[in-house]
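K.L.:
Just so you know, the sequences run in chain order V and Y.
Under our numbering, the first residue of the first sequence carries the number 1, and numbering increases by one thereafter.
Under our numbering, the first residue of the second sequence carries the number 1, and numbering increases by one thereafter.
Source of the hints: derived by calculation from the structure; they are not laboratory data.
Heads up, the beta-carbon is just placed ideally off N, CA and C, and yes, glycines get one too.
A few of these clues could be false.
Once the Cα atoms are required to be at most 30 angstroms apart in a straight line, the calculated DSSO-like pairs of lysine-lysine come out as [unchecked claim]:
#, chain 1, residue 1, chain 2, residue 2
1, V, K68, Y, K13
2, Y, K13, V, K101
3, Y, K30, V, K101
4, V, K69, V, K58
5, V, K58, Y, K13
6, V, K101, Y, K52
7, Y, K103, V, K58
Distance ranges between label pairs, derived from CB positions [unchecked claim]:
#, chain 1, residue 1, chain 2, residue 2, range
8, Y, L95, V, L56, 38 to 46 angstroms
9, V, L20, Y, S65, 39 to 47 angstroms
10, Y, S27, V, T52, 23 to 31 angstroms
11, Y, N77, V, T5, 27 to 35 angstroms
Sample of chain V residues facing chain Y (criterion: CB under 7 angstroms; computed from the structure) [to be verified]:
#, residue
12, L20
13, Q42
14, E66
15, F90
16, G105
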Amino acid sequence: AQSVTQLGSHVSVSEGALVLLRCNYSSSVPPYLFWYVQYPNQGLQLLLKYTTGATLVKGINGFEAEFKKSETSFHLTKPSAHMSDAAEYFCAVSPYTNAGKSTFGDGTTLTVKP
Amino acid sequence: DAGVTQSPTHLIKTRGQQVTLRCSPISGHKSVSWYQQVLGQGPQFIFQYYEKEERGRGNFPDRFSARQFPNYSSELNVNALLLGDSALYLCASSLPLAGGNEKLFFGSGTQLSVL
């Protein structure tokens, strides 16, 4: 069984500030971990993913995430927020080798203040 | 190349009716997954099909069914609609690859409202 907990349903930062979105997971098998972004009235777009290997993963739009097995965490960060980063972000976990059966968290809405 | 396309984009039904949602995957993608996203929540896995066979099913009642066609497009059917079925239904396609390189590509979804 797998589950994802996203801490904080809403996060607000100022433009230029650090973005930190938290995700903890539970998985009985080695997990694939993902972060997706969803803009209003659109589907989900993959930001980055961890499968195996390097625990610090870089994604699109300047985002990165670090897989910490001991903490069962996969937090998403970006050094400097842009107005265009305002969206909903979802963390997801899937069984090894099958991203199609992903389990998603409930999402974090990121607001960026000018 | 076209992305994942879903139709219709919006749909309004009444309780007890039946609905069919359609999905065309990215060309060459053989796996299609369906997700339900209720307002304020993350997507929930409903079905996955690969090479026309069901590869997995989430915790949804038998009123939900799906199939995949020889061209890898897919349909999701929901019978005896309930108010709680109102949601955004997302389709995602992928080309399963070895070595952990699989990526999911999502369509924009079908917004279903049940009155």
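K.L.:
Each hint: holds or not?
P.N.:
Here is what the structure says about each hint:
For a cut-off of 30 angstroms, the pair hint linking K68(V) to K13(Y) is broken: about 45 angstroms separates their Cα positions. Only pairs whose Cα atoms come within 30 angstroms are accepted, and K13(Y) paired with K101(V) is accepted, the gap being roughly 28 angstroms. Taken as a hint, the K30(Y) and K101(V) pair is honoured in the structure, with Cα atoms around 14 angstroms apart against an allowance of 30 angstroms. In summary, the hint linking K69(V) to K58(V) is supported, as the alpha carbons are separated by about 17 angstroms, within the 30 angstroms threshold.
A C-alpha spacing of about 43 angstroms is found between K58(V) and K13(Y), which places the hinted pair above 30 angstroms, so the restraint is violated. The suggested pairing of K101(V) with K52(Y) holds, with an alpha-carbon distance near 16 angstroms, which does not exceed 30 angstroms. Distance restraint check for K103(Y) and K58(V): the Cα-Cα separation of roughly 15 angstroms lies within the 30 angstroms cut-off, and the hinted pair is therefore satisfied. At about 26 angstroms, the CB distance of L95(Y) to L56(V) disagrees with the hint of 38 to 46 angstroms.
A hinted range of 39 to 47 angstroms holds for the C-beta pair L20(V) and S65(Y), which are about 41 angstroms apart. Taken as a hint, the range 23 to 31 angstroms holds for the pair S27(Y) and T52(V), whose Cβ atoms sit roughly 28 angstroms apart. In this structure the hint that N77(Y) and T5(V) lie 27 to 35 angstroms apart at CB holds, the actual value being about 32 angstroms. The interface hint given for L20(V) is broken, as the beta carbon of that residue sits about 19 angstroms from the closest beta carbon of chain Y, more than 7 angstroms.
This hint holds: Q42(V) has a C-beta 5 angstroms from the nearest C-beta of chain Y, less than the 7 angstroms allowed. Against a cut-off of 7 angstroms between C-beta atoms, the interface hint on E66(V) is violated, since the closest Cβ of chain Y lies about 17 angstroms away. A least Cβ separation of about 5 angstroms between F90(V) and chain Y falls short of the 7 angstroms threshold, and the interface hint therefore holds. A distance limit of 7 angstroms between C-beta atoms decides the matter here; for G105(V) the minimum to chain Y is near 5 angstroms, and the interface restraint holds.
Hints 1, 5, 8, 12 and 14, counting from the list given before, are not met by this structure.
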